[in-house]
Amino acid sequence: MMPAKRIDKGNYEEFFLLYVDNELPAADREAVDSFVSAHPELREELELLLETRLIPEEQLFGNPEVLMKPERAARRNTYLLLRWLAPAAAAVWLLFTGISQFGGSVDGPPLRPPIKIASQEPVTKPTAPRKTDTPARVIRIPEKRPLAVPTDKLSATTAPLAVTEAAETVEPGTNITETVIESAAPVLVPAETIQTTSVQQTAVKNNYASEALFHPDGDAEAEEEQGRSKKGFRVLVRKATRVYQKVVEPEGDKPLIRLSKADIEL
Amino acid sequence: MTEREYNQCVTDYADAVYRFILKNLRQEEDARDIVQTSFEKLWKHHLQVESATAKSYLFSIAYHQMIDHLRKSKRMQLRADFEETVRVQPGKADNLKSILNHALDRLPEIQRSLVMLKDYEGYSYEEIGQITGLSGSQVKVYLHRARLQLKQYLVKPENLI
Numbered sequence: 000m001m002p003a004k005r006i007d008k009g010n011y012e013e014f015f016l017l018y019v020d021n022e023l024p025a026a027d028r029e030a031v032d033s034f035v036s037a038h039p040e041l042r043e044e045l046e047l048l049l050e051t052r053l054i055p056e057e058q059l060f061g062n063p064e065v066l067m068k069p070e071r072a073a074r075r076n077t078y079l080l081l082r083w084l085a086p087a088a089a090a091v092w093l094l095f096t097g098i099s100q101f102g103g104s105v106d107g108p109p110l111r112p113p114i115k116i117a118s119q120e121p122v123t124k125p126t127a128p129r130k131t132d133t134p135a136r137v138i139r140i141p142e143k144r145p146l147a148v149p150t151d152k153l154s155a156t157t158a159p160l161a162v163t164e165a166a167e168t169v170e171p172g173t174n175i176t177e178t179v180i181e182s183a184a185p186v187l188v189p190a191e192t193i194q195t196t197s198v199q200q201t202a203v204k205n206n207y208a209s210e211a212l213f214h215p216d217g218d219a220e221a222e223e224e225q226g227r228s229k230k231g232f233r234v235l236v237r238k239a240t241r242v243y244q245k246v247v248e249p250e251g252d253k254p255l256i257r258l259s260k261a262d263i264e265l
Numbered sequence: 000m001t002e003r004e005y006n007q008c009v010t011d012y013a014d015a016v017y018r019f020i021l022k023n024l025r026q027e028e029d030a031r032d033i034v035q036t037s038f039e040k041l042w043k044h045h046l047q048v049e050s051a052t053a054k055s056y057l058f059s060i061a062y063h064q065m066i067d068h069l070r071k072s073k074r075m076q077l078r079a080d081f082e083e084t085v086r087v088q089p090g091k092a093d094n095l096k097s098i099l100n101h102a103l104d105r106l107p108e109i110q111r112s113l114v115m116l117k118d119y120e121g122y123s124y125e126e127i128g129q130i131t132g133l134s135g136s137q138v139k140v141y142l143h144r145a146r147l148q149l150k151q152y153l154v155k156p157e158n159l160i
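First to last, the protein sequences are chains H and Z. Residue numbering for the first sequence follows numbering that gives the first Met the number 0, beginning at 0 and increasing consecutively. Residue numbering for the second sequence follows numbering that gives the first Met the number 0, beginning at 0 and increasing consecutively.
A hint or two may mislead.
To be verified - Pair ranges (Cβ atoms, derived): (1) Z:E49 <-> H:E46: 38 to 44 angstroms; (2) Z:S72 <-> H:E46: 34 to 40 angstroms; (3) Z:S136 <-> H:E46: 40 to 46 angstroms; (4) H:E29 <-> Z:H44: 40 to 46 angstroms; (5) Z:T36 <-> H:E56: 19 to 25 angstroms; (6) Z:E49 <-> H:P69: 29 to 35 angstroms; (7) H:H38 <-> Z:V140: 22 to 28 angstroms; (8) Z:D32 <-> H:A88: 44 to 50 angstroms; (9) Z:D11 <-> H:P69: 17 to 23 angstroms; (10) H:G9 <-> Z:E28: 48 to 54 angstroms; (11) H:A37 <-> Z:D11: 40 to 46 angstroms; (12) Z:K71 <-> H:E56: 22 to 28 angstroms; (13) H:A87 <-> Z:K71: 53 to 59 angstroms.
None of these hints come from the bench; they were simulated from the model. Heads up, the beta-carbon is just placed ideally off N, CA and C, and yes, glycines get one too.
Work the whole structure out from these sequences, hints included.
Structure below.
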């Protein structure tokens with residue numbers, strides 16, 4: 000706080016008090032020091048006023064931690080830990096449970112017992128099923144049903160499925176009177192696990208191929224479905240062509256709306 | 000002010016506020032209660048209080064809490080004059096600090112608070128005015144009056160024996 004005037008014998012007390020309270024600017028402090036030097040009889044008065052200043056004492060509250068509050072970062076960390084720990088634990092649990100229950104294996108796809116084609120030749124007497132640990136599933140194809148896929152196409156169509164030596168045993172046009180497929184369970188089998196059938200001439204390495212080949216109704220349904228889709232596609236193309244022709248070659252003077260590059264007839 | 004800054008205020012100012020209140024009340028339990036209440040109020044409004052002004056805000060709360068406490072206990076001296084009639088003989092205390100403490104005890108509450116805020120905390124007149132609700136000029140007048148009364152107490156020979 001600035002004094003109104005310069006220090007003199009009439010106002011020195013105010014300057015001294017401001018000096019004690021440390022409210023004087025540096026220039027005025029120096030002025031006070033010079034004034035005291037010039038008037039030593041007033042030095043004692045200034046020193047007495049300086050002695051009225053309190054000396055800070057060490058008085059401790061003691062336990063300031065009782066006044067403190069938990070910080071948000073700590074609370075957020077705890078919250079995030081609880082928020083993410085449970086789902087993470089659940090995910091790990093599901094992962095291991097899923098692997099163990101659904102037969103996941105690092106080395107290969109889930110395994111199923113191999114399906115064994117017992118016979119492809121006309122059977123005069125039923126082939127005795129092999130003794131296996133699990134009951135065999137026998138699929139009987141009706142007699143004199145032609146092979147759904149000609150064997151000459153078989154090698155081509157099922158090439159990725161690795162049908163080997165099928166052409167040697169199933170001649171084109173050959174009717175299979177009865178085929179017995181032995182299977183332990185209706186599950187998928189990788190090609191490597193298929194074993195040689197009891198009929199030595201036939202070795203089908205993929206169960207999907209064999210089931211597709213010998214399933215009595217599967218081909219008909221597939222053909223029907225394919226026919227429907229083809230018919231639907233043809234209808235769609237026909238409609239699209241008609242719309243295109245109307246747009247590109249409008250008839251008469253019908254009003255058109257120009258949308259981008261095509262004119263749409265109203 | 001964040002929680003971290005609030006806790007830093009506790010670390011930095013809890014002892015200072017406690018000393019300020021204790022020197023006025025001279026009762027530890029009451030001083031602790033007021034300090035706790037002051038920090039609770041600071042915490043309640045910590046989002047609105049800037050960190051730079053937290054100390055003044057805290058002292059202001061504590062000061063007014065203390066005044067309320069003194070009024071309730073009817074120990075508040077409303078007159079701002081120095082009590083020369085009641086004088087405690089310090090005996091043979093040659094310790095200037097002890098004499099000064101006795102002189103400080105003779106000051107009215109407001110003047111004593113102003114002297115402590117000035118000497119302990121180093122606040123300016125304006126800052127003390129903001130804390131206590133007085134104007135800067137009032138603070139200056141009260142403080143100068145207190146200094147002169149303390150000086151008079153120190154120079155009296157009966158107080159120095």
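The hint says 53 to 59 angstroms between H:A87 and Z:K71; measuring C-beta to C-beta, is that right?
Given a distance of about 56 angstroms, which is inside 53 to 59 angstroms, the answer is holds.
Range hint 44 to 50 angstroms (beta carbons of Z:D32 and H:A88) holds or violated
About 47 angstroms separates the Cβ atoms of Z:D32 and H:A88, which means 44 to 50 angstroms holds.
Evaluate the given range 22 to 28 angstroms for the C-beta pair formed by Z:K71 and H:E56.
26 angstroms Cβ-Cβ, so the 22 to 28 angstroms window holds.
Should the hint that Z:D11 and H:P69 are 17 to 23 angstroms apart at their CB atoms be regarded as holding?
holds, 19 angstroms
CB of Z:S72 to CB of H:E46, is that within 34 to 40 angstroms?
holds, 38 angstroms
Has the hinted range 38 to 44 angstroms been met by the Cβ atoms of Z:E49 and H:E46?
holds, 40 angstroms
Does the Cβ-Cβ separation between H:G9 and Z:E28 fall within 48 to 54 angstroms?
Hint holds: Cβ distance 50 angstroms, inside 48 to 54 angstroms.
Can you let me know if the beta-carbon spacing of H:E29 and Z:H44 is within 40 to 46 angstroms?
holds, 43 angstroms
Regarding Z:T36 and H:E56, is the given constraint of 19 to 25 angstroms on their beta-carbon distance met?
holds, 23 angstroms
Do the Cβ positions of H:H38 and Z:V140 conform to the proposed distance bound of 22 to 28 angstroms?
holds, 25 angstroms
Can you tell me whether the CB distance of H:A37 to Z:D11 sits inside 40 to 46 angstroms?
Holds: the Cβ-Cβ distance is about 43 angstroms, inside 40 to 46 angstroms.
29 to 35 angstroms as the expected CB spacing between H:P69 and Z:E49, which holds or is violated
violated, 22 angstroms
Violation of the numbered hints given earlier is confined to hints 3 and 6; the remaining hints are satisfied by the structure.
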